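Residue numbers (my numbering), protein chains in the order written: chain A, 1 to 196; chain Y, 197 to 460.
Honestly, the hints are just simulated from the structure, not real lab data.
Given the structure is predicted, the values throughout are model-derived calculations rather than measurements.
A portion of the hints provided could be inaccurate.
Unchecked claim - Below, in silico cross-link-like pairs of lysine to any residue (SDA-like), each with a Cα-Cα straight-line distance of 25 Å or less:
| hint | chain 1 | residue 1 | chain 2 | residue 2 |
| --- | --- | --- | --- | --- |
| 1 | A | Lys148 | Y | Phe307 |
| 2 | Y | Lys447 | A | Arg14 |
| 3 | A | Lys117 | Y | Lys431 |
| 4 | A | Lys148 | Y | Arg369 |
| 5 | Y | Lys206 | A | Lys148 |
| 6 | A | Lys117 | A | Tyr166 |
| 7 | A | Lys148 | Y | Arg362 |
These are the residues of each chain, in order.
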Amino acid sequence: MDPVNPWLDPAAVRHLAEQLLRPVAPAHPSTADPGFDDSFIGFISAEVATPAPEPPVSAPFSATLPTLSVPPPPQAIQPTISAPSRTKFLQRFYTFRDWLAKNHQATDIFLLDREGKVIFDESDHGRFHFMAKNLACSTRAVGNVHIKIGPSAILELIPCETSYGYIVLGAMVADALPAAQIDTITKFLIQTASLT
Amino acid sequence: MISIAIVSQKGGVGKTTLSVNLAHAFARAGLNTLLVDADPQGSVGLSLTRQSRLLSGFYDFLADPSIPMERLIVPTRLETFSLVAAGTASDYDAGNGTTGAHLARVRTFLFNASTRRYDICLIDTAAGLFGVTNDIISSADAIIIPQQAEPLGIRSLPKLLEGLNRLRITNPRLNVLGVCLTMLQQNLIESAEAASALRHLLPEEMLFQTSIHRDEIFIRASAKGLPVGVLENGKNAETAFDSLRAEILSKLAKSRVTATYQPH
């Protein structure tokens with residue numbers, strides 16, 4: 001009796017092994033970054049803590065954000081997004097996504113729940129999710145994390161406590177976002193998640 | 197300096213034996229070799245130095261990167277062979293198992309080592325893909341995967357391959373040199389069948405031709421705190437590691453692996 005093959009999927013294992021032997025394409029093989037030579041393979045840095053504020057009653061950043069009506073915050077914290085509200089949430093998230101892309105030149109945006117499950121993903125970089133969740137969780141008390149993953153590609157991870165529970169926003173940007181912009185994005189994301 | 201991490205999903209597959217004896221094989225070939233014990237159990241240190249528990253080591257550096265390399269590096273009787281023990285802080289909280297917590301310090305350590313004119317840095321890691329081990333894989337130039345030639349061990353392979361594929365996102369330059377069969381017992385049908393199954397399962401270039409056979413001489417060598425080749429009757433085992441060394445050097449040359457950490 002074959003002692004191994006009945007216990008695993010040989011085709012899947014072979015595929016994984018072949019994947020490891022192939023070179024990894026850079027996420028954004030675009031312009032060269034004069035600050036880093038070919039030997040640079042990335043770094044991680046944590047920003048200043050971004051406290052999770054209460055859902056804003058008024059939008060002080062309404063000059064730059066789309067206008068959204070803000071109902072009272074929900075009474076009970078929901079651990080995950082339930083099916084009916086998920087659809088509504090996603091509809092609002094598209095507005096947020098468009099704003100994020102337009103105002104911060106963000107691409108490859110994705111959103112994960114506390115378990116790392118995908119809520120929204122336009123990134124086509126599913127392999128980032130595991131890393132994103134782990135990094136965001138490990139720096140939860142500190143705030144957002146950005147990782148240099150290419151010459152002009154930064155993966156920005158913004159963990160955020162919302163009325164739907166803990167979520168992680170991921171987006172690709174050309175340069176690390178300053179703390180003030182992270183704060184604005186966090187507030188808008190909380191606002192987006194607070195609406196019912 | 198080329199840094200090579202020895203990694204496995206499962207414990208007890210012969211990682212430390214492979215690390216110690218492969219490092220010795222590189223050193224005997226005249227390559228300046230640094231063996232780093234990154235396993236909090238401190239197995240390399242226990243194998244080679246009697247006072248390893250008193251030495252500052254890799255985990256002390258992670259806790260305090262101001263410790264100079266000179267305090268970490270332990271010379272051996274072979275001029276080209278040095279080691280860094282796990283250290284007195286090896287029970288130090290290794291980042292709660294989270295990835296990325298020590299990435300910058302692991303890279304600093306490797307850079308510092310590269311300034312000491314080492315050709316090869318072999319890193320014996322803790323089993324499993326988490327915490328510091330992940331940070332090492334995210335920093336090394338290459339990895340070798342020892343795989344025990346027995347069914348249970350091979351069944352853990354998919355999980356390891358999945359994890360390594362994920363880690364290559366943070367280290368796209370990582371070169372997977374291959375899987376090395378260890379503890380092979382040709383006279384035991386289950387072991388021989390498991391080895392055969394693995395050869396059919398993996399692409400040919402993923403598996404080293406050299407296998408390490410189970411041999412009581414490894415236990416005797418470990419008991420004396422020596423690489424196996426130093427013992428009487430250790431020549432056969434030593435030849436296997438020489439053969440593995442040759443395969444590794446050939447793969448490094450073929451895949452044109454270049455050192456990430458170079459002194460300025």
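Results of checking the hints against the structure:
1. For the suggested pair lysine 148 (chain A) and phenylalanine 307 (chain Y), the alpha carbons sit about 19 Å apart, so the restraint of at most 25 Å is met.
2. With a CA separation close to 20 Å, the supplied pair lysine 447 (chain Y) and arginine 14 (chain A) stays within the 25 Å bound.
3. Restraint check for lysine 117 (chain A) and lysine 431 (chain Y): the C-alpha separation of about 53 Å exceeds 25 Å, so the hint is violated.
4. For the proposed pair lysine 148 (chain A) and arginine 369 (chain Y), the alpha carbon gap of about 14 Å is at most 25 Å, so the pair holds.
5. Under the criterion of a C-alpha separation no larger than 25 Å, the hint pairing lysine 206 (chain Y) with lysine 148 (chain A) is inconsistent with the structure, at around 31 Å.
6. Taken as a hint, the lysine 117 (chain A) and tyrosine 166 (chain A) pair is honoured in the structure, with Cα atoms around 12 Å apart against an allowance of 25 Å.
7. Of the pairs offered as hints, the one joining lysine 148 (chain A) and arginine 362 (chain Y) holds, with about 16 Å between alpha carbons and a cut-off of 25 Å not exceeded.
Checked against the numbered hints above, the structure violates hints 3, 5; every other hint is satisfied.
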